[in-house]
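Trainee: From these two lone chains plus the hints, build me the complex, please.
Chains as they are written, first to last, in the working numbering: chain A, 1 to 232; chain B, 1 to 183.
Mixed in with the good hints there might be a few duds.
[What the hints assert, rightly or not] Heads up, simulated DSS-like pairs for lysine-lysine below, C-alpha to C-alpha not over 25 Å straight-line:
id, chain 1, residue 1, chain 2, residue 2
1, B, 93, B, 11
2, B, 9, B, 72
3, B, 93, A, 73
4, B, 167, B, 93
5, B, 72, B, 160
6, B, 129, B, 167
7, A, 27, B, 167
8, A, 27, B, 11
9, B, 93, B, 160
10, B, 129, A, 27
[Claimed, not checked] Each pair of labels, with its calculated beta carbon distance range:
id, chain 1, residue 1, chain 2, residue 2, range
11, B, 30, A, 155, 32 to 38 Å
12, A, 148, B, 72, 46 to 52 Å
13, B, 165, A, 8, 48 to 54 Å
14, A, 195, B, 63, 21 to 27 Å
15, A, 6, B, 48, 15 to 21 Å
16, B, 7, A, 58, 39 to 45 Å
17, A, 148, B, 66, 37 to 43 Å
18, A, 6, B, 162, 39 to 45 Å
19, A, 6, B, 71, 18 to 24 Å
FYI, nobody ran anything at the bench for these hints, they're computed from the structure.
A virtual CB, placed ideally from N, CA and C, is assigned to each residue, including glycine.
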Amino acid sequence: MNYQQPGLRELLAAEYVLGTLHGLPRKRFERLMHDNPALRDLVATWEQRLMPLSARVERVTPPGITWLTIQQKLGLKKVQGRRWWSNLGWWRGMAVASSALAMALLVYVSVAPGPMTEATYFAVLSDTQARPVILVTSTPDRRKIRFEAVATGLATPDRSLELWVLPGDGRPPVSLGLVPHEGARTLELPDRLRSDWTAGVGLAVSQEPVGGSPTGQPTGPILFQGRILARG
Amino acid sequence: MLTYPPFEKLKQLLSRVTRDDELAFEELYRLVSPHLFGLSLHMLRDADLARDVVQDSFISIWRNAGEYDPSKSAPMTWMLSIARYRALDLLRKARPKTSLDVNAEMEFHDQPEGENPEVDPGDSVAIHKCVDSLDSVQRQCIALAFFRGLTHSELADHLKQPLGTVKSWVRQGLLQLRDCLGA
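This is chain B alone, in the form it adopts within the complex (with noise of 0.2 Å):
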């Protein structure tokens, strides 16, 4: 499934944490929390690891809510952050046993056009799109780094390629996603 909760919901939600709403708390979990499990499940590839990182991701969720700024990013976006990074922490302390051979194109699933208009409107498939338009060693690169967390050194013996290679390979692939997101 490809929809996140309506943007104006969380937002509201959110902003009721932020006074101490128990209720709006709950409903928040109920709604995100598959997303920020799924995530860390598949970045982590371990469900106890999986669990502790949105455990983690919802108390830091009550105890920040007055910091999110809706003009700044995506109620989405903020929590999926939160979770992403607090995976990214994880990966480095203990990085799992299963050996890293994923093949990077399978990163990016392929999903029929025409989508839910409930995700962020535009957000997801313009990514999607951009990531398609880069060269196909960029796009490796950036997908084993988003969703399994792979430093330069990794992404080196994994694509076995010198290390300024690859750095350079994320760097234009990330640059080159921010010139066709336009913004």
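Okay, chain A solo, but in the shape it has when bound (with noise of 0.2 Å):
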């Protein structure tokens, strides 16, 4: 066979695409379009002429085995539905050293001046290094919460922080907005996150792009965190 006779070259991919090249012939032209970038186009256009086809066959949702059986060979982290916001665990050990630094900024805090003193829901997030880097306080009510950088030099052009709380049993983070490069943010916590801000409720700041995540979701690295504790 000539492969290099256009027509012929077309007829071929065109029926790699539908099937009917099947067998020895198949894994030969397979093997030619490893080397042949062109070969490679004129599948991927017969594959777009023809894969519409299938657009009006009926969709069935595979039943639940299939993703956790995908997860499972590809050694994913999140088997039987785990997050990997339920994974906190290596900062866990700085849970101490934290929460003692966390007392004494809340006792700064407290005393200097301003809106927030009767605060008695609390979180620290830290970095790697158990270094203090956001401050969240809320009012008892856990109508407002306010949150602020309390470290220097997290403001960069080129990227957004994002604060995002944990709500806990398999839910996704919920945003809280983003970490102001300057001063503190102040906000209304909705109504439905109210019963969720309680002692022990995971906080993170995740990187984002400017203007933040454009998901609804983190797309970027966790950076800090940090678990709400209760004063009093």
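Mentor: Structure below.
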């Protein structure tokens, strides 16, 4: 077969996609495709032409075991629906150190005049070296929360830092907005989050593109994390 | 339902998968797996085999997302092709025991006009119109090959025609589709 003839190549590519090219000729063609980008492009063109035929085939949701098997075979972390946010393990060792630090910071904050002096719930988000970076406080009725950076040098022009609360029991993170470069930010906690705002609940800050996550879920690495503590 | 998930959304998810983003991969699975499973089930008529196809396809998608080139094909095209080739492989290995007396014409379902714009714009409507414009024998061959994975000799048996005749029907049909689609 003369594979150089354009007409023949076109037909082979078309029948490859359709599936009528099979057995040894199909394997031969696949080997040719390996080193021949023009041939691969021709195949892609035929795929683009024919694949929309499948648009009218009924969608059917596969059984749940399918996804579990995929995760298992790829060694992904989220077997049985657990998510990365339930694996804050490597920070756990810092819990004691950072809560002592958090208490000290809170005393400092409560002594300073300002709007949040009756804060009952608070959190200190720290980095991997247990250095406090973000301070979050809330009013006892959990209507308002306030957060600010207590470390310097966080602001860079190419990224935003987004604060998330991790409500627990498998639910995905909920965004609380961007951490301001300077000063503090106060916001009303939506009703649905108020009951989630209790001691032990995790908070995390992720690195996002400027303006925050485009998807509504964290897209970048977790930089700082901590847990809500209750004072009193 | 005729709709594919939106183009841009799938492109974004695939590019995140390239960076090993497991959340994106899960969302991609949620959006796309019913299309792959539906097609595989249609071709293989066997839920266990169809499940194998979906698993193998997503493993391939995870590993090869970096090779997907948005300038060459639509995201759904890329992913459906992965699944369809895998289904064809399985069909070759173990032709299902169900007999092949399916009506080829029924492979092309009638759908009302004016469909959801989220489908890769125009592509599905265009190919179905072009298939409608084929001669009946060409249409049957294309349908049985695409949806049921029949080989030339299986087509010849099914349609009770010589092998050479069936081969030329397939080829003429494909070339006519190309000309009709105009690309």
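Trainee: Decide, hint by hint, whether the structure agrees.
Mentor: Cross-check of the supplied hints:
1. Note on residue 93 of chain B and residue 11 of chain B: the hinted pairing is violated, with a Cα-Cα distance of about 33 Å set against a maximum of 25 Å.
2. Taken as a hint, the residue 9 of chain B and residue 72 of chain B pair is honoured in the structure, with Cα atoms around 17 Å apart against an allowance of 25 Å.
3. For the hint linking residue 93 of chain B to residue 73 of chain A, the alpha-carbon distance of about 23 Å falls within 25 Å, and the restraint holds.
4. For the hint linking residue 167 of chain B to residue 93 of chain B, the alpha-carbon distance of about 22 Å falls within 25 Å, and the restraint holds.
5. The straight-line distance between the Cα atoms of residue 72 of chain B and residue 160 of chain B is roughly 38 Å, outside the 25 Å bound, and the hint therefore fails.
6. This hinted pair checks out: residue 129 of chain B and residue 167 of chain B have alpha carbons roughly 23 Å apart, not beyond 25 Å.
7. Proximity of residue 27 of chain A to residue 167 of chain B is assessed by CA-CA distance (about 19 Å); at most 25 Å being required, the pair is judged to hold.
8. For the given pair, residue 27 of chain A sits about 30 Å from residue 11 of chain B by alpha-carbon distance, which is inconsistent with the 25 Å threshold.
9. A C-alpha spacing of about 24 Å is found between residue 93 of chain B and residue 160 of chain B, which places the hinted pair at or below 25 Å, so the restraint holds.
10. Taking the CA atoms of residue 129 of chain B and residue 27 of chain A, the gap is about 32 Å. The hint is violated against a cut of 25 Å.
11. Distance hint check for residue 30 of chain B and residue 155 of chain A: the Cβ-Cβ separation is about 36 Å, which falls inside the suggested range of 32 to 38 Å.
12. At roughly 48 Å, the beta carbons of residue 148 of chain A and residue 72 of chain B sit within the given window of 46 to 52 Å.
13. Between residue 165 of chain B and residue 8 of chain A the CB atoms are about 20 Å apart, so this pair departs from the stated range of 48 to 54 Å.
14. Remark: the range hint 21 to 27 Å for residue 195 of chain A to residue 63 of chain B is contradicted by a beta-carbon distance near 42 Å.
15. At roughly 42 Å, the beta carbons of residue 6 of chain A and residue 48 of chain B sit outside the given window of 15 to 21 Å.
16. Residue 7 of chain B and residue 58 of chain A have their C-beta atoms about 21 Å apart, which leaves the hinted 39 to 45 Å range violated.
17. Distance hint check: the CB atoms of residue 148 of chain A and residue 66 of chain B are about 40 Å apart, consistent with the given range 37 to 43 Å.
18. For the pair residue 6 of chain A and residue 162 of chain B, the supplied restraint of 39 to 45 Å is violated, since their beta-carbon distance comes to about 28 Å.
19. At about 22 Å, the CB distance of residue 6 of chain A to residue 71 of chain B agrees with the hint of 18 to 24 Å.
The structure is inconsistent with the numbered hints 1, 5, 8, 10, 13, 14, 15, 16 and 18, although it conforms to all the rest.
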